[in-house]
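We have chain A already, so just place chain B on it with the hints.
Chains A and B supply the protein sequences, listed in that same order.
Just so we're aligned, residue 1 is where the first sequence starts under our numbering, counting upward by one.
Just so we're aligned, residue 1 is where the second sequence starts under our numbering, counting upward by one.
Keep in mind the hints are simulated off the structure, nothing from the lab.
Beta carbons: idealized from backbone N, C-alpha and C, even for Gly.
It is possible that some hints are incorrect.
[Unchecked claim] Part of the chain A face toward chain B, derived, beta carbon under 10 Å: (1) Q56; (2) K141; (3) V143; (4) S144; (5) T160; (6) G182; (7) N200; (8) E218; (9) N221; (10) Y259; (11) A264; (12) K279; (13) N282.
[Stated by the list, open to error] Take a look, some chain B residues computed to stay more than 10 Å from chain A by CB distance: (14) T92; (15) I93; (16) A97; (17) Y102; (18) G105; (19) L109; (20) A113; (21) Q114; (22) A117; (23) F119; (24) E120; (25) Q121; (26) A129; (27) A153; (28) S171.
[Stated by the list, open to error] Using C-beta positions, here's what the derived DEER-type ranges look like: (29) A:T231 to B:P159: 29 to 39 Å; (30) B:P128 to A:T150: 29 to 39 Å; (31) A:G115 to B:Q121: 35 to 45 Å; (32) A:E176 to B:T157: 27 to 37 Å.
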Amino acid sequence: MRSIACGLLALFIAQGAAGETVERTAKAAPDGEVDIVNVSGDVHVIGWDRAEVQVQAELGPNVHELEFEPHGERTSIRVRQSNGRQEGASALRVHVPRDSSVSVNTVSASQTVEGVRGEQRLQSVSGSIRTEIAREDFQAKSVSGEIQVTGKGETSARVTTVSGDVELRDVGGELEMTSVNGGMQVIGGKIDRARLKTTNGQVRFESTLKQGARLDAEAINGSLEVVLRGTVDADFDIETFNGAIRNCFGPKPERTNEYAPGSALRFKEGKGSARVRLKTLNGPIELCR
Amino acid sequence: MSSRRLDALDETLAKLPKSVSPERDLWPEIEAQIQAERQLKPAPRGLASRWVQLAAAVLLVVGSSLVTVVVMRDVPDETRSVAQVEAPRPETIAMPASFAGYRLGEDYLKARAQLDAAFEQRLALLPPAAREKVERNLNDIRAAAREIADTLAEHPTDPLLHELLMSTYQSELQLLVDVTHMTPAPATRVQL
Numbered sequence: 001m002r003s004i005a006c007g008l009l010a011l012f013i014a015q016g017a018a019g020e021t022v023e024r025t026a027k028a029a030p031d032g033e034v035d036i037v038n039v040s041g042d043v044h045v046i047g048w049d050r051a052e053v054q055v056q057a058e059l060g061p062n063v064h065e066l067e068f069e070p071h072g073e074r075t076s077i078r079v080r081q082s083n084g085r086q087e088g089a090s091a092l093r094v095h096v097p098r099d100s101s102v103s104v105n106t107v108s109a110s111q112t113v114e115g116v117r118g119e120q121r122l123q124s125v126s127g128s129i130r131t132e133i134a135r136e137d138f139q140a141k142s143v144s145g146e147i148q149v150t151g152k153g154e155t156s157a158r159v160t161t162v163s164g165d166v167e168l169r170d171v172g173g174e175l176e177m178t179s180v181n182g183g184m185q186v187i188g189g190k191i192d193r194a195r196l197k198t199t200n201g202q203v204r205f206e207s208t209l210k211q212g213a214r215l216d217a218e219a220i221n222g223s224l225e226v227v228l229r230g231t232v233d234a235d236f237d238i239e240t241f242n243g244a245i246r247n248c249f250g251p252k253p254e255r256t257n258e259y260a261p262g263s264a265l266r267f268k269e270g271k272g273s274a275r276v277r278l279k280t281l282n283g284p285i286e287l288c289r
Numbered sequence: 001m002s003s004r005r006l007d008a009l010d011e012t013l014a015k016l017p018k019s020v021s022p023e024r025d026l027w028p029e030i031e032a033q034i035q036a037e038r039q040l041k042p043a044p045r046g047l048a049s050r051w052v053q054l055a056a057a058v059l060l061v062v063g064s065s066l067v068t069v070v071v072m073r074d075v076p077d078e079t080r081s082v083a084q085v086e087a088p089r090p091e092t093i094a095m096p097a098s099f100a101g102y103r104l105g106e107d108y109l110k111a112r113a114q115l116d117a118a119f120e121q122r123l124a125l126l127p128p129a130a131r132e133k134v135e136r137n138l139n140d141i142r143a144a145a146r147e148i149a150d151t152l153a154e155h156p157t158d159p160l161l162h163e164l165l166m167s168t169y170q171s172e173l174q175l176l177v178d179v180t181h182m183t184p185a186p187a188t189r190v191q192l
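Just chain A, same shape as in the assembly (with noise of 0.2 Å):
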């Protein structure tokens, strides 16, 4: 029965045809969570004051229809696409309590959030991500959309992608990133624990490291830059099979085996509080302040 009623509420609420341009506003709750898909076109989500959610949409050529749904705490907003094309692009701008918890999922549409206080899990498979995130909880996912994330402070967040490249700037807390061919960059942020593994992407760190912070970055054929921000008080464990290690603290690297042509390099600065691990198998390394 009630399954039936909030199909009967779905069905009164979705209206939207293609090429129109709607607006729908319902109330919500101003922690509640906005639920957003969209396949192509564009998604730009704005946090506000105000307990209410609603969507302005340009819908395009080929969309079946918009799907509105406040239900409880959660809004779901959804473009629904004709005979499962995917072409037809459309534009969703949408204003949600800025404490809400979003999550985006698109194909080839772009996504910006802005001014949004919750938790987000943001997915794309082209389209780029751009995005403000403050202290909680954020997921992106893409593969090969550029992700940009401005941070406000300590957050764990956890990117992933395929060829897009990322960039987080003043992200701190706890980072885990990874990517195949993608180029990752963390600029800014105080960190506790980050871990970047990419494959052939080119990764550049510089963040400053807490108090028995944990780094560890790792990549096969790309490169690792490491540059340290602030007092370093860490110990560093650097390790390339093949390639070349440059390290602006002054102690060089040593061979690892006679018949290998492998280098390693341990030391400490300061007390050694943080930890520092490095590897490569052909990429160059280099560490910095």
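Same frame as chain A, now just chain B:
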């Protein structure tokens, strides 16, 4: 030994009993133990989704395989065998047929085949350009794994190579799982 001493020995052997009975019959206790174990109920099933279970199974199998590799690192070459890991499609590069020369096992191959099938289904739903990028990057991971494996064959005791190869296997599996999870909702098709 003289023939007289051999005869004496034969004579002594002939006097020995043909069979020896145990002091007490052990079978009833063994049978009771087997029955008790049979009556134990199977563990309840978890509520995790099928893909999470599958991914967990693959990672578990790989993990246990890799632990075996580390444990068995010093086993002589002649005891090693090689298993073929099926590539998801002929034109793609396959992962190394074994981990550092060690068999990955039937459980791995089975779980891996299921994950590959799920991956292929989801991959087909992606736009052609994205599909091509995924395939190209998957090939890059597999090429990297092959390069590490080849290098490891020349330097079988290098711990860095073991670590990087293990990590590359995990990267490949993670990519398969991520793509399998990606874009289920936008692919929903509405028939007018």
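Checked hints:
no. : hint                         : verdict
1   : Q56                          : 20 Å, violated
2   : K141                         : 6 Å, holds
3   : V143                         : 5 Å, holds
4   : S144                         : 5 Å, holds
5   : T160                         : 6 Å, holds
6   : G182                         : 9 Å, holds
7   : N200                         : 6 Å, holds
8   : E218                         : 6 Å, holds
9   : N221                         : 7 Å, holds
10  : Y259                         : 8 Å, holds
11  : A264                         : 8 Å, holds
12  : K279                         : 6 Å, holds
13  : N282                         : 8 Å, holds
14  : T92                          : 14 Å, holds
15  : I93                          : 13 Å, holds
16  : A97                          : 19 Å, holds
17  : Y102                         : 20 Å, holds
18  : G105                         : 25 Å, holds
19  : L109                         : 24 Å, holds
20  : A113                         : 23 Å, holds
21  : Q114                         : 22 Å, holds
22  : A117                         : 20 Å, holds
23  : F119                         : 13 Å, holds
24  : E120                         : 16 Å, holds
25  : Q121                         : 15 Å, holds
26  : A129                         : 7 Å, violated
27  : A153                         : 13 Å, holds
28  : S171                         : 6 Å, violated
29  : A:T231 to B:P159: 29 to 39 Å : 32 Å, holds
30  : B:P128 to A:T150: 29 to 39 Å : 32 Å, holds
31  : A:G115 to B:Q121: 35 to 45 Å : 38 Å, holds
32  : A:E176 to B:T157: 27 to 37 Å : 30 Å, holds
Consistency note: the structure conflicts with the earlier hints numbered 1, 26, 28.
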